[in-house]
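Going down the list, the sequences are from chains A and B.
Using this note's numbering, read the first sequence as starting at 1 and increasing by one per residue.
Using this note's numbering, read the second sequence as starting at 1 and increasing by one per residue.
Check before you lean on any hint, since a few could be wrong.
As the list claims (entries may be wrong) - If you only want the chain A side, here are some residues facing chain B, beta carbon under 8 Å, derived:
(1) 61
(2) 66
(3) 68
(4) 106
(5) 122
(6) 123
(7) 175
(8) 338
No wet-lab data here; the hints were simulated from the structure.
Computed from a predicted structure; not experimentally measured.
Quick reminder that beta carbons are idealized off the backbone N, C-alpha and C, glycines included.
2 protein chains.
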Amino acid sequence: MSEGADVTAHPAPTGLAGSSLQSGLGFQLLAADPSGRARRGRLTTPHGAVETPAFMPVGTAGAVKAVTPAELRGLGAEMILSNAYHLYLRPGHRLIGDLGGLHRFMGWPGPILTDSGGFQVFSLAKLCAIDDGGVTFRSHLDGSEHRFTPELAVEIQETLGVDVAMVLDECLPYPCSEERARAAWTRTLHWAVRSRAARRRAGTALFGIVQGGVWPALRRAAAADLAGIGFDGYAVGGLCVGEPKEQTHMAIDEAIGELPAGAPRYLMGVGLPEDLVEGVWRGADLFDCVMPTRHARTGWLFTATGRLLIKHARYAADDRPIDAACGCETCRTYSRAYLRHLFLANEPLAARLHTVHNLYYYLSLMRRLREAIDAGRLAEFRTDFYRMREGGEA
Amino acid sequence: MSEGADVTAHPAPTGLAGSSLQSGLGFQLLAADPSGRARRGRLTTPHGAVETPAFMPVGTAGAVKAVTPAELRGLGAEMILSNAYHLYLRPGHRLIGDLGGLHRFMGWPGPILTDSGGFQVFSLAKLCAIDDGGVTFRSHLDGSEHRFTPELAVEIQETLGVDVAMVLDECLPYPCSEERARAAWTRTLHWAVRSRAARRRAGTALFGIVQGGVWPALRRAAAADLAGIGFDGYAVGGLCVGEPKEQTHMAIDEAIGELPAGAPRYLMGVGLPEDLVEGVWRGADLFDCVMPTRHARTGWLFTATGRLLIKHARYAADDRPIDAACGCETCRTYSRAYLRHLFLANEPLAARLHTVHNLYYYLSLMRRLREAIDAGRLAEFRTDFYRMREGGEA
Chain A
1 MSEGADVTAH
11 PAPTGLAGSS
21 LQSGLGFQLL
31 AADPSGRARR
41 GRLTTPHGAV
51 ETPAFMPVGT
61 AGAVKAVTPA
71 ELRGLGAEMI
81 LSNAYHLYLR
91 PGHRLIGDLG
101 GLHRFMGWPG
111 PILTDSGGFQ
121 VFSLAKLCAI
131 DDGGVTFRSH
141 LDGSEHRFTP
151 ELAVEIQETL
161 GVDVAMVLDE
171 CLPYPCSEER
181 ARAAWTRTLH
191 WAVRSRAARR
201 RAGTALFGIV
211 QGGVWPALRR
221 AAAADLAGIG
231 FDGYAVGGLC
241 VGEPKEQTHM
251 AIDEAIGELP
261 AGAPRYLMGV
271 GLPEDLVEGV
281 WRGADLFDCV
291 MPTRHARTGW
301 LFTATGRLLI
311 KHARYAADDR
321 PIDAACGCET
331 CRTYSRAYLR
341 HLFLANEPLA
351 ARLHTVHNLY
361 YYLSLMRRLR
371 EAIDAGRLAE
381 FRTDFYRMRE
391 GGEA
Chain B
1 MSEGADVTAH
11 PAPTGLAGSS
21 LQSGLGFQLL
31 AADPSGRARR
41 GRLTTPHGAV
51 ETPAFMPVGT
61 AGAVKAVTPA
71 ELRGLGAEMI
81 LSNAYHLYLR
91 PGHRLIGDLG
101 GLHRFMGWPG
111 PILTDSGGFQ
121 VFSLAKLCAI
131 DDGGVTFRSH
141 LDGSEHRFTP
151 ELAVEIQETL
161 GVDVAMVLDE
171 CLPYPCSEER
181 ARAAWTRTLH
191 WAVRSRAARR
201 RAGTALFGIV
211 QGGVWPALRR
221 AAAADLAGIG
231 FDGYAVGGLC
241 VGEPKEQTHM
251 AIDEAIGELP
261 AGAPRYLMGV
271 GLPEDLVEGV
281 WRGADLFDCV
291 MPTRHARTGW
301 LFTATGRLLI
311 KHARYAADDR
321 PIDAACGCET
331 CRTYSRAYLR
341 HLFLANEPLA
351 ARLHTVHNLY
361 YYLSLMRRLR
371 EAIDAGRLAE
381 FRTDFYRMRE
391 GGEA
């Protein structure tokens, strides 16, 4: 690997050769792990800096479910993710813009990245039609018909005033033929070019999204296509949708191999703790996933030794915390027996306490990954991580 | 009123002349309002002191819904209420006892009062039979059959290790004939005597409960009966169940007139902010009600000028806090527009932020009532309180 040679402080390519807009985004590479592609970095945005690799808690509708911004900050979150599709439908991006933007609306002063809504249009909404101009769909809330274009997706995100916007992309199911994946990529690439041209707001950076399913050559070509256009950062999308792990890893490797080393790389919607470890190992800088928050609400708790399902009868009289090694408020204060009681009694506090724990686990894992890279011992950390999990459920 | 003459620091009557058990409870009268029966006091318990008049947030199942003990403390709560019926059914009082008691189980280090479960047996469970020995009912959770006796109700609460236990009482619907109310009181009085005799644990005080519906002579007799037996404190129960406010006030006045001035008086399940003001005015020291927490979850918010229903369309773009005069974290951080969005999107954060606001309102109201009594100007405070609400919804 020659990537170590790229480790230097320099601004990210602005990707805006044809534009006078300033993205407001900077990315410094601080260290690289000697045994792979992993790197330490610092993303700077108009709303503050983010140490990478970083996990972004998901606040789909303008709130991370059950926790406050102050709590997120205390848990170690530096950047969060929200969603253009959801906020466009409710309460409306213009309302949020009129009230001073998403940061002010939701009381989160740090950096925000929004997904464009491409994934939601293709997964959550009832799809009506896709054509080269855009995508027409019915709202999952009330069935009303809407149309997203690459330009509107940028406009929505700029109106929200977020730090990083994502291009609109065509998302594919798994499995999907190479032919269909290639056709979708052709469309997504055109949309990416239009998205870049649609930028109007200084201070909102734009990331391109590498698609291409599980087809190595297509993933490589897609990454090279986007790098050729030039974006403020690059996402790898369409993974962890049911494909085998080997294909996930292959697709990440193929895409990242073609992306400029000096730009941030965002692995979208990923994933389980082991997926974060593998993503970092393979050179990704940013991550998001609903798992820590969504699983929290179903009583699925993350620990160093694996998952713990709090509803199990074996925890009924268990006076221990979820994870004796965990320093979160939930583990410092409550027993498994109490948390199980809250969960079975459907107490709203259960979701909150479980969310605090799971986010603490995810954010601490990222901190330890950063420390491991800083210390040049990520390979050892990764080995230890898997060894800890061999014993099964706590 | 001669009650001012009773204002002096002295221990509460223990009510345990026939027992060597120490209740652990003390009650000091600190000040009395010159224009009525209102008084300032300090209740001391094995888990700390409570400035009275005080409102106890309701943690029915061992948790105040959506908020943590640390948050409750920050909001100014000094004592909370939980429920023997609910905890007996789930997770079981013996489990909680085995794990060190309710304070430790739920992480609340301050005083706890539990209702005996009488009200729940008569309102929530499917009643099977009531006899002089006790009450047989089916669980609202799974239909299983159970029997509560006065002795078991004490045992459950002592096993939970709470600071104040309530006697088991027969609760009546409204309306209810005087004859039926009188028969129920005869039974409740016998149960109260048995409850007192059933005490086994030092450190758990026992309060009697005045019943008697809306019948003045019966309320007086009931209060005198209990005072004659002697309890650590006295509750007035069976109010705010549908009767006109004048009858509520009459029942409070009749009962309190017969209760010993030196013992704490607890007005059960009361009520709206105006009910708290009237209860304090009439000489009650302790209050509890699900309204601030339950209404929070339906978007009913309390303000100095009256209620605010956050779902209303008029708040869609309203950038103001719920109440500009309020100092709670919710009002210091979020707009009505944002809270309305969270509520309509069914975000779990809505219940939490609304609960924080409503409890802050209730607990601040109690603090201001205490300050008004200390300053000898409760009558003025009461007048101002009603004048503020004349304008209707915020």
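So, going through the hints one by one against the coordinates:
Annotation: residue 61/A was flagged as interfacial toward chain B, and the flag holds, the nearest CB pair being 5 Å apart, inside 8 Å. Because the closest C-beta pair between residue 66/A and chain B is about 4 Å apart, less than 8 Å, the hint holds. For residue 68/A, the suggested interface contact is upheld, since its CB lies about 7 Å from the closest CB of chain B, less than 8 Å. The closest approach between the C-beta of residue 106/A and any C-beta of chain B is roughly 7 Å, which is under the 8 Å cut-off, so the hint is satisfied.
Hint status for residue 122/A: violated, given a least beta-carbon distance of 21 Å to chain B, over 8 Å. Hint on residue 123/A is violated. Least Cβ distance to chain B is approximately 18 Å, over the 8 Å limit. For residue 175/A, the interface hint is violated, since its Cβ never comes within 8 Å of a Cβ in chain B; the closest pair sits about 34 Å apart. Here the hint on residue 338/A is kept, as its CB sits about 5 Å from the closest CB of chain B, short of 8 Å.
Violated hints for the displayed structure, listed by number in ascending order: 5, 6, 7.
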